[in-house]
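Asker: Sequence:
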Amino acid sequence: MIIVYSPEGGDTHRWDLKEIRIMAVEAEEVERVTDLDWAAARAKIVKGSMLALRAVAWVLLKRAQPTLRYGQFQPAAAELDFAYSPAERAAIRANIEADPDLTEDERAAILADFGEADAVLDVEETPDAEDPESVPKDSAAAASPTDG
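Position one of the sequence shown corresponds to residue -13 (my numbering), numbered consecutively onward.
In case anyone wonders, no lab produced these hints; they're calculated from the structure. No residue lacks a Cβ here, since even glycine has one placed at the ideal position from N, Cα and C. Be a bit skeptical, because a hint or two may be false.
As the list claims (entries may be wrong) - Here are the simulated distance ranges between beta carbons: (1) 23 - 93: 15 to 25 angstroms; (2) 101 - 14: 33 to 43 angstroms; (3) 18 - 87: 33 to 43 angstroms; (4) 33 - 60: 13 to 23 angstroms; (5) 21 - 86: 33 to 43 angstroms; (6) -5 - 83: 39 to 49 angstroms; (7) 96 - 3: 37 to 47 angstroms; (8) 84 - 18: 37 to 47 angstroms; (9) 34 - 81: 15 to 25 angstroms; (10) 77 - 53: 35 to 45 angstroms; (11) 85 - 64: 26 to 36 angstroms.
Based on the provided sequences and hints, a complete structural model is requested.
Answerer: Structure (structure tokens):
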């Protein structure tokens, strides 16, 4: 899963959770601010939980801004999203193709929708994964309406 933070007027940040190490203390911070265990928080992101998505983005931004408080990180909902990595998308596609409960018409429709999403994601992806340690220190402050 890739966490995407695109502050208006700022640089887009992408963190692939398969490639970076979420430290236990970071997972605990997500648990503390969301009242969800780490596994549930990750699952809730996929289901559309803005609370879980914001908390994970916040702990990733804290790597560059250790004093950033959760309440200070107040991005617009449209500035946060997640995406599947190419490997995850391939696995999802394979599961759709192999699902015996789908009719051929249902499968074709789902794969068509999934293919459109793939095309959008391929355009948005950058060739180099962003190093979370190199996130500009002013990115969260710019996204926050409160003084940091």
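Asker: With reference to the structure, classify each hint as holding or not holding.
Answerer: Right, here's what the structure says about each hint:
At roughly 34 angstroms, the beta carbons of residue 23 and residue 93 sit outside the given window of 15 to 25 angstroms. The given range of 33 to 43 angstroms is respected by residue 101 and residue 14, whose C-beta atoms sit roughly 39 angstroms from each other. Between residue 18 and residue 87 the CB atoms are about 39 angstroms apart, so this pair conforms to the stated range of 33 to 43 angstroms. Separation of residue 33 from residue 60 is about 22 angstroms and conforms to the stated range, judged on CB atoms against 13 to 23 angstroms.
Roughly 38 angstroms separates the CB atoms of residue 21 and residue 86, a value that falls within the hinted 33 to 43 angstroms. Between residue -5 and residue 83 the beta carbon distance is about 41 angstroms. The supplied range of 39 to 49 angstroms therefore holds. For residue 96 and residue 3, the Cβ-Cβ distance of about 25 angstroms falls outside the hinted range of 37 to 47 angstroms, so the restraint is violated. Between residue 84 and residue 18, the C-beta spacing of about 39 angstroms keeps the proposed range 37 to 47 angstroms intact.
Look at residue 34 against residue 81: about 20 angstroms separates their beta carbons, and that is inside 15 to 25 angstroms. Roughly 38 angstroms separates the CB atoms of residue 77 and residue 53, a value that falls within the hinted 35 to 45 angstroms. About 32 angstroms separates the C-beta atoms of residue 85 and residue 64, a value consistent with the hinted range of 26 to 36 angstroms.
Against the hints set out earlier in the document, violations occur for numbers 1 and 7.
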